[in-house]
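Trainee: Chain B: place on chain A using the hints.
Protein chains: 2
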Amino acid sequence: MNEMVATKSFSDKPMMSRDEFDAAIRAVGPERYHDLHPFHHLLHGGKLSKGQVAAWALNRYCYQAAVPRKDAAFMSRVHDRQLRRDWIHRIHEHDGHGDDPGGIERWLVLTDNFGLDREYVTSMRGALPATRFAVEAYVNFVREQPLVVAVASSLTELFAPKIHKERIAGMLENYDFIEDRVMAYFKKRLVQAPFDSEFALNFIKDHASSRAEQEACVEAVRFKCNVLWVQLDALYHAYVNGFVPPGAYRPEEVT
Amino acid sequence: MNEMVATKSFSDKPMMSRDEFDAAIRAVGPERYHDLHPFHHLLHGGKLSKGQVAAWALNRYCYQAAVPRKDAAFMSRVHDRQLRRDWIHRIHEHDGHGDDPGGIERWLVLTDNFGLDREYVTSMRGALPATRFAVEAYVNFVREQPLVVAVASSLTELFAPKIHKERIAGMLENYDFIEDRVMAYFKKRLVQAPFDSEFALNFIKDHASSRAEQEACVEAVRFKCNVLWVQLDALYHAYVNGFVPPGAYRPEEVT
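Same order as they appear, the protein sequences are chains A and B. In terms of my numbering, the first sequence opens at residue 1119 and continues consecutively. In terms of my numbering, the second sequence opens at residue 1119 and continues consecutively.
One chain only, chain A, in its complex shape (with noise of 0.2 Å):
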């Protein structure tokens, strides 16, 4: 944790306590997490066709595809063996590890559904440029930001459970064309995510060691609640309002 913190300006005030550190980070889901987003309402409330559900599945395939690239990013720059031993998992839990097929291939059984062909989906060659800058860029900020703040990038975390369930309810409510089994991918995380997030603020909590750090931790949940709107807006863009970019998915083609 001994390099610079690169964030624009801090306030002088002194170290916020464990609980006040607690808070703040939690403070960034109900500002800015993307289930205030106005794709998800439409997506959660059974709004959209199937080719704009299938269009969020396969934008959010480059997503899931590059949480194990950004974690194994993080292990390339851990010391700590024990850090990374207890890292290791996130890898496994994406990729899959000996008889788990991992979340990648749960995520490719929801968009096998859409009739969505897995070599197009895994070439990503119809996916949103801006889905891809963006899942592009946490994979580098977790790369090449201090320690402390890469872990604290994992954050969004926190909130995720609970949009989870909102997912798993109101898309099994409201669209025939989605069955008990696509959902595995969201169950499975229901287990995981509330370990990871303990986990990781635990770690920021053992290791911010300024102000600056505490704060460059809640702006890295801010960046990456960013990462995550801005590929709700692309697919806004895109699919509900019609704007489709150049080389980009068209539900037509396939629905």
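No lab work stands behind these hints: they were computed from the structure. Every value quoted in this text rests on a predicted model; they were computed, and no experiment measured them. Quick reminder that beta carbons are idealized off the backbone N, C-alpha and C, glycines included. It is possible that some hints are incorrect.
[Stated by the list, open to error] If you only want the chain B side, here are some residues facing chain A, beta carbon under 10 Å, derived:
(1) Lys1188
(2) Arg1203
(3) His1210
(4) Val1260
[To be verified] Beyond 10 Å from chain A on every Cβ pair, some chain B residues (computed):
(5) Lys1131
(6) Pro1132
(7) Arg1136
(8) Leu1160
(9) Asp1230
(10) Pro1247
(11) Ile1286
(12) Asp1294
(13) Asp1298
(14) Lys1306
(15) Glu1316
(16) Ala1330
(17) Asn1359
(18) Phe1361
(19) Glu1370
Mentor: Using the frame of chain A, we list chain B on its own:
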């Protein structure tokens, strides 16, 4: 494999056949693998003092500790999920996973044997600067080079089983301060290294797509040999010739 290969000048020769490429990779070992280094002859031949062997174990720890970061750096760049799944056991083998304490822990059993404090070893503050520069050059090489070239740099493992066998026999026979138990690291590698090197060799044969990439792969094995050689040069200069640099471990402090 689409990136430009960043190496000097290439011949206009046609691509090597798989067999020629295989032979070119294997030819690097007899030319410059560190089993040729005079320090290894001293080490295996029982010609070193306990303090000199301790210095070797202390410095070589830096290399062991860098390997999982190197493998994570590689994985952070791999978009192919199956390749990540095939690679991750390398991190497990060094960091340990579940009940397996891993290769780094087995290495620390060796440094324990010399009465070296674990905090001192893992802090690396007594290691030779040349050692640390060399191992970080390896991590950076893998982070920056084209994937196929990064994979090729692991191929010094082709030459490792022979040196490990010599080392186990030579060290057990020649040093009364080395017991069977502390050679656990090398025994384990006798099983792991052939599997890993076969996988990597097949990978580069399948994926090097031009003469230039093939030559860059051969060059990567030479680079990696240099990473290993530099470490023994530094040990020789410091602990055989007696030019211990400021701040580095001095055996007389401990033995």
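Trainee: All the hints need checking, so say for each whether the structure fits it.
Mentor: Hints, one by one, checked against the model:
Look at B:Lys1188: its Cβ gets to within about 8 Å of chain A, closer than 10 Å, so that hint holds up. Below 10 Å, beta-carbon pairs count as interface contacts, and B:Arg1203 has one with chain A at about 5 Å; its hint therefore holds. The beta carbon of B:His1210 comes within 8 Å of a beta carbon in chain A, closer than 10 Å, and the hint placing it at the interface holds. A least Cβ separation of about 9 Å between B:Val1260 and chain A falls short of the 10 Å threshold, and the interface hint therefore holds.
Residue-level check passed: B:Lys1131 sits 33 Å from the nearest beta carbon of chain A, beyond 10 Å. With a least beta-carbon separation of about 31 Å from chain A, B:Pro1132 lies farther than 10 Å from that chain, consistent with its non-interface assignment. Annotated as non-interface, B:Arg1136 keeps its C-beta farther than 10 Å from every C-beta of chain A; the closest such distance is 27 Å. Every Cβ of chain A is farther than 10 Å from the Cβ of B:Leu1160; the closest lies at roughly 30 Å, confirming the non-interface assignment.
With a least CB separation of 16 Å from chain A, B:Asp1230 remains clear of the 10 Å interface cut-off, as annotated. Distance check for B:Pro1247 against chain A: the nearest CB is about 16 Å away, which clears 10 Å, and the non-interface claim stands. Remark: the non-interface label on B:Ile1286 is consistent with the geometry, its nearest Cβ contact in chain A lying 24 Å away (cut-off 10 Å). With 10 Å as the threshold on Cβ separation, the claim that B:Asp1294 sits away from chain A holds: the shortest Cβ distance comes to roughly 31 Å.
With a least beta-carbon separation of about 25 Å from chain A, B:Asp1298 lies farther than 10 Å from that chain, consistent with its non-interface assignment. Every CB of chain A lies more than 10 Å from the CB of B:Lys1306, the least distance being 16 Å, so the non-interface label holds. For B:Glu1316, the shortest C-beta to C-beta distance to chain A comes to about 21 Å, beyond the 10 Å cut-off, and the non-interface label holds. Once the 10 Å rule is applied to beta carbons, B:Ala1330 is consistent with being away from chain A; the minimum gap is 26 Å.
In this structure B:Asn1359 is separated from chain A by more than 10 Å, as the shortest Cβ-Cβ distance comes to about 30 Å. Non-interface status of B:Phe1361 relative to chain A is upheld: no Cβ of that chain comes within 10 Å, the nearest being about 28 Å off. With 10 Å as the threshold on Cβ separation, the claim that B:Glu1370 sits away from chain A holds: the shortest Cβ distance comes to roughly 28 Å.
Consistency note: the structure conflicts with none of the earlier hints.
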